[in-house]
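**Q** Protein chains in written order, with the UniProt record's numbering: chain F, 1 to 198; chain C, 1 to 109; chain R, 1 to 505.
Just so you know, these hints were derived from the structure itself, not from any lab. Accuracy of the hints is not assured; some may be wrong.
[Stated by the list, open to error] Here are the computed lysine to any residue pairs in the SDA-like style, where the Cα-Cα straight-line distance is at most 25 angstroms:
#1 F:Lys192 <-> R:Ile442
#2 F:Lys14 <-> R:Leu257
#3 R:Lys12 <-> R:Tyr23
#4 F:Lys192 <-> R:Ile263
#5 F:Lys38 <-> R:Tyr218
#6 F:Lys55 <-> F:Asn148
#7 R:Lys47 <-> R:Thr22
#8 F:Lys14 <-> R:Leu211
#9 F:Lys14 <-> R:Ile442
#10 F:Lys61 <-> R:Pro293
The residues making up each chain are set out below.
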Amino acid sequence: MNETPLWASESFWKKIAIWVTAGSFVILVILTMDSLSKTGAGSKRVPAYAVINKKIDYQFKTALHKSMPVIGDNEFLFGKEYSEEEARQLVDLGKKTTQTKNCMNCHTILGNGAYYAPDLTKAWLDQGWISGEMRENMMVKFLMDPANNARTFGSNRKMPNLAITEQEAKGIIAFLKWMSSIDTNGFPYNFKTIEAQE
Amino acid sequence: MIEPVALQDFFITFFSAALIILAGASYALLFAWSKVNSHFRIKIAALVSYAVLILSVAELTRAAHFQGYWLIISMAMAVGYFFAPIGIWHLCVKTHADQDLIKTKGGRR
Amino acid sequence: MNTSDLNGIIPKSNRLLDKARTYLDDFKAWVNLDSSNLSTGQQLAVKYFTVAVILFFAQLLFGMLAAIQFIYPGFLYEILDFNVNRMVHINAMIVWMLYGFIGSIYWLIEDESGTGIVGLKWANIAFWVLTGAVTLVVLVYLFIQIGPGKDSSLWFINEGREYIEAPRWADLGITAVMLVFFYNVVATFSKGQWSGIGGVLVLDLIALVGLYLAGMFYMTNITHEQYWWWWVIHLWVEATWEVLVGVIMAWSLMKLLGVRRKIVQTWLYIEVALMFGSGILGLGHHYFWIGMPEYWLSVGGFFSALEPIPLVAMVVHAVYDAGVHAFKTVNHPALAWVVAHAFGNFFGAGVWGFMHTLPQINMYTHGTQWSASHGHLSFFGAYATINIAFFYLAIQQWRGGVWMAAGAHHAWRWKWALGLLNAGVVGMTIALLIAGYEQSFIERAVEGSTWGGYFAAQNEPSFQRAMGWRLLFGGITLAGFILLVWDLLTIGKGETRKIPTINQS
Chain F
1 MNETPLWASE SFWKKIAIWV TAGSFVILVI LTMDSLSKTG AGSKRVPAYA VINKKIDYQF
61 KTALHKSMPV IGDNEFLFGK EYSEEEARQL VDLGKKTTQT KNCMNCHTIL GNGAYYAPDL
121 TKAWLDQGWI SGEMRENMMV KFLMDPANNA RTFGSNRKMP NLAITEQEAK GIIAFLKWMS
181 SIDTNGFPYN FKTIEAQE
Chain C
1 MIEPVALQDF FITFFSAALI ILAGASYALL FAWSKVNSHF RIKIAALVSY AVLILSVAEL
61 TRAAHFQGYW LIISMAMAVG YFFAPIGIWH LCVKTHADQD LIKTKGGRR
Chain R
1 MNTSDLNGII PKSNRLLDKA RTYLDDFKAW VNLDSSNLST GQQLAVKYFT VAVILFFAQL
61 LFGMLAAIQF IYPGFLYEIL DFNVNRMVHI NAMIVWMLYG FIGSIYWLIE DESGTGIVGL
121 KWANIAFWVL TGAVTLVVLV YLFIQIGPGK DSSLWFINEG REYIEAPRWA DLGITAVMLV
181 FFYNVVATFS KGQWSGIGGV LVLDLIALVG LYLAGMFYMT NITHEQYWWW WVIHLWVEAT
241 WEVLVGVIMA WSLMKLLGVR RKIVQTWLYI EVALMFGSGI LGLGHHYFWI GMPEYWLSVG
301 GFFSALEPIP LVAMVVHAVY DAGVHAFKTV NHPALAWVVA HAFGNFFGAG VWGFMHTLPQ
361 INMYTHGTQW SASHGHLSFF GAYATINIAF FYLAIQQWRG GVWMAAGAHH AWRWKWALGL
421 LNAGVVGMTI ALLIAGYEQS FIERAVEGST WGGYFAAQNE PSFQRAMGWR LLFGGITLAG
481 FILLVWDLLT IGKGETRKIP TINQS
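Okay, chain F solo, but in the shape it has when bound (with noise of 0.2 angstroms):
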């Protein structure tokens, strides 16, 4: 018994196992803090909800090795302004809806979800919308029926029917625009926008 030194003993490493817990769980609750007070919606990282009256777009900065998002003048979603509450309730719509209709389980959502179906996270500055002055249109219409309107790009793959409604598909993408002006930290890599390509 004698022989164990302190720094081998039972008790030593109960105090170590406890400092080292809690330490580690107040270092991380600090930072929680100070984490959720710079990404609050209106922050710099994270856009007020009503960004969605503004044009967004994502460049690359060669001084910061990333790009960044980009957030422009006036260019109304769906031919209207909202006002910051308005914008909030329709963002929230089509953010709830998003996980009413589990689009996390086929899709990425700022990277995390499954990897049968693309990311979402620029979804709204995707080339794949052909132009600015399409984008929201076919949005509209690719969601509330995407079996007629897929976009498999060779693949097959097409989105099932999720019944999703005119002002749920409306919310869904005032979702998307809003997530696209979120500051990742350049992920994803290398992503040239539609406005890139016009």
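Position chains C and R against the provided structure of chain F, taking the given hints into account.
**A** Quick look at chains C and R alone, frame taken from chain F:
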């Protein structure tokens, strides 16, 4: 700030990262084994494993463009993976020190 | 459906029920297990194990369906779409592993505390409530699948958040059941005696339940929502679950190998320090790209580089034990699965994790088949293996403590089950690794992550081939599972040699 891996360095990044862990483990394994069975060759093999680890860390540092404070990670891996197995070995020896001194009552079942 | 149909159905269903009862009785007679070999807590534990095995099967079945859809996208289109299959696949996995853990703890606390389970009646009710709730959730997943974009859908159908999709009513129900479980554990230790193992277990369970609460809230802000969502997922699987496995292993080492309590507990504390020390802030590697501040790149990168340290510690300790003490075991299959656990945990969590975790490379690998490759090997290696090992311990006791080591009958079954399951999972992992490498290269690096780039990568012949191999190895895994179940039901049947009692302190 990070500089993502260049296209031509993809494979080497995965490879060197995997090799760090594998070499680290094989160094730990061989180090422990050399303590149980003090054979000269096992010690050499342990050191060779560690050399592989250092090379992999250097390669990863290059491929992943570590600079500034990111070099702390490279240092931590080079130093930490050298001393961790030694420390853990001593811990094993000391925690088991009185292993055979006391044999108390049998199992309840 | 008209009434005459209904009239025909009732006697028919009665006859079906009778038939089912006869089959069940025949099955019980064939299996021939004697529950009087088990304590009351252990009898509850084996109920949990039984459901765990059934859910394990569901995991494999729906995984197979999803794997087929990668190759034939029209398969079950608009009947059981990929998202449904994939959701059941991962939910069944999470839940069967939890069932395994809960069962293991009910199994060991009576022995560890030296008294019977306090509140056993409640524990039994909780088991049936939980199992009923899980069944209902799965039925809703399969037959209702999705709902309109309203709160009621989140409450009753699906929360749509990977791994914790269970609707909110089930969240509350699961929490209530967990509180009963928690009460059983705390009250049992309080009535009997506390130990280091008991203390770590209780604190870990508090964390486990508390973290689940963090995942119950709806938020419009996707960045905040994913922040809390990772608290649940990461701090479960990379911290609290690891410690739970540590507790189960610590007890098993004492019972099976006669390792002294003081040593086991010291090492449990060491493991807690290393696991939580690296794992809690290792959470940062999930915060690289979801909108969180840039310092998470450094925090996540640094602590991810530390996460293999506990695994290295295990390697050294294993060599020490093997070299210094020549251990004998009376349960070969359990020992073999523990060895599979050591390797699987090391490769799945350690090597596969570190290969794609640093932000400089994760920028490309995040959200690709890389994650699937890592997920398959690490969940199997870290958790499936240890649960299966415990199933073998349980069945040994259930059979009356019979010999399951050298010279046991039909040993080929567990050996082949072990081989097929491991080969299947490793094969899937390699196939997904190839797919992930190709996807991160073509879609992410070359094509810049557009939808066009995504499909270009998915259509590549090498990706398609990899998906074919994944399906094949999935089939091998399933074959291994079937053999495993057969072996668990029959191992030790007719064995007369008993195990010698092991001295421990």
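**Q** Against each hint, give a clear statement of whether it holds in the structure.
**A** Okay, the hints, checked on the actual structure:
no., hint, result
1, F:Lys192 <-> R:Ile442, "holds (14 angstroms)"
2, F:Lys14 <-> R:Leu257, "holds (23 angstroms)"
3, R:Lys12 <-> R:Tyr23, "holds (17 angstroms)"
4, F:Lys192 <-> R:Ile263, "violated (58 angstroms)"
5, F:Lys38 <-> R:Tyr218, "holds (19 angstroms)"
6, F:Lys55 <-> F:Asn148, "violated (29 angstroms)"
7, R:Lys47 <-> R:Thr22, "holds (20 angstroms)"
8, F:Lys14 <-> R:Leu211, "holds (23 angstroms)"
9, F:Lys14 <-> R:Ile442, "violated (49 angstroms)"
10, F:Lys61 <-> R:Pro293, "holds (17 angstroms)"
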